[in-house]
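J.: Next come the chains, spelled out residue by residue.
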Amino acid sequence: SQQGEEDPQALSIQEGENATMNCSYKTSINNLQWYRQNSGRGLVHLILIRSNEREKHSGRLRVTLDTSKKSSSLLITASRAADTASYFCATDTGANSKLTFGKGITLSVRP
Amino acid sequence: DAGVTQSPTHLIKTRGQQVTLRCSPKSGHDTVSWYQQALGQGPQFIFQYYEEEERQRGNFPDRFSGHQYPNYSSELNVNALLLGDSALYLCASRFRDRVGYGYTFGSGTRLTVV
Chain A
1 SQQGEEDPQA
11 LSIQEGENAT
21 MNCSYKTSIN
31 NLQWYRQNSG
41 RGLVHLILIR
51 SNEREKHSGR
61 LRVTLDTSKK
71 SSSLLITASR
81 AADTASYFCA
91 TDTGANSKLT
101 FGKGITLSVR
111 P
Chain B
1 DAGVTQSPTH
11 LIKTRGQQVT
21 LRCSPKSGHD
31 TVSWYQQALG
41 QGPQFIFQYY
51 EEEERQRGNF
61 PDRFSGHQYP
71 NYSSELNVNA
81 LLLGDSALYL
91 CASRFRDRVG
101 YGYTFGSGTR
111 LTVV
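Note that the protein sequences, when read in sequence, are chains A and B.
For the first sequence, our numbering begins at 1 and goes up steadily by one.
For the second sequence, our numbering begins at 1 and goes up steadily by one.
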């Protein structure tokens with residue numbers, strides 16, 4: 001079963017614009033992570049935010065977490081064509097630390 | 001320092017056959033998890049191995065089994081393959097730092113069952 005649900009399912013933007021992706025989940029979590037996947041290959045870890053954190057930055061990435069609403073958002077600023085990929089949120093409940101993924105968001109950045 | 005290594009990268013099998021996929025975790029990582037990702041879906045947790053034992057299992061039938069060796073490398077075995085087993089199989093190794101657990105994923109094995 002999938003815990004995280006990303007929104008929107010697909011997003012198309014112009015290079016240089018910002019991309020905002022949202023994720024909602026159902027149960028209490030230990031942390032939430034965002035991953036990128038290019039062309040159905042391996043997952044690349046982008047950023048992890050813990051349940052006691054509200055906002056985190058890493059380069060052009062900004063992630064927020066609202067545990068009261070059980071939701072998170074990932075903002076990619078000044079997008080580039082190379083950001084074109086699928087993005088997944090994954091929750092870690094801390095119980096043996098398996099990750100539960102959403103279905104993903106397909107981001108297309110037009111040059 | 002090599003990351004997580006999976007082999008083979010692609011595999012084609014016939015219904016009813018058996019398959020073994022292999023994973024070498026990143027150096028220093030002692031826990032290995034396996035995920036199945038069907039086309040257009042997010043990865044689904046299969047099971048996790050630590051200290052050569054299966055520690056947690058997702059909602060997968062007994063046809064899916066695994067093994068972990070003393071050097072932390074792992075295998076995923078699938079028996080009596082079905083067409084629906086066609087997917088990308090991802091291996092992830094887990095490490096613990098001062099603030100919690102982190103994960104490194106391999107590039108996956110693309111299994112096609114015909």
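Just to be clear, a hint being listed does not mean it is correct.
Here are some, though not all, of the chain B residues that point toward chain A, as calculated from beta-carbon distances under 8 Å [as the list claims (entries may be wrong)]:
1. Ser7
2. Pro8
3. His10
4. Gly42
5. Gln48
6. Phe60
7. Phe64
8. Leu90
9. Phe95
10. Gly102
11. Ser107
Selected chain B positions facing chain A (in silico; Cβ < 7 Å) [what the hints assert, rightly or not]:
12. Gly16
13. Gln18
14. Val19
15. Tyr69
16. Pro70
17. Ala87
18. Tyr101
19. Phe105
Ranges of calculated distance between the beta carbons of each label pair, as one might list FRET restraints [stated by the list, open to error]:
20. B:Lys13 with A:Arg41: 40 to 50 Å
21. A:Ala81 with B:Gln18: 36 to 46 Å
22. A:Asn38 with B:Tyr50: 38 to 48 Å
In short, the hints are calculated from the structure, not lab data.
We treat Cβ as the ideally placed atom computed from N, Cα and C, and that holds for glycine.
J.: Compare the structure with each hint and give your call.
T.: Hint check results:
| no. | hint | result |
| --- | --- | --- |
| 1 | Ser7 | 13 Å, violated |
| 2 | Pro8 | 14 Å, violated |
| 3 | His10 | 11 Å, violated |
| 4 | Gly42 | 3 Å, holds |
| 5 | Gln48 | 6 Å, holds |
| 6 | Phe60 | 12 Å, violated |
| 7 | Phe64 | 15 Å, violated |
| 8 | Leu90 | 7 Å, holds |
| 9 | Phe95 | 11 Å, violated |
| 10 | Gly102 | 7 Å, holds |
| 11 | Ser107 | 4 Å, holds |
| 12 | Gly16 | 26 Å, violated |
| 13 | Gln18 | 24 Å, violated |
| 14 | Val19 | 19 Å, violated |
| 15 | Tyr69 | 20 Å, violated |
| 16 | Pro70 | 21 Å, violated |
| 17 | Ala87 | 10 Å, violated |
| 18 | Tyr101 | 5 Å, holds |
| 19 | Phe105 | 4 Å, holds |
| 20 | B:Lys13 with A:Arg41: 40 to 50 Å | 20 Å, violated |
| 21 | A:Ala81 with B:Gln18: 36 to 46 Å | 42 Å, holds |
| 22 | A:Asn38 with B:Tyr50: 38 to 48 Å | 29 Å, violated |
In this structure, the earlier hints numbered 1, 2, 3, 6, 7, 9, 12, 13, 14, 15, 16, 17, 20 and 22 are contradicted, and the remaining ones agree with it.
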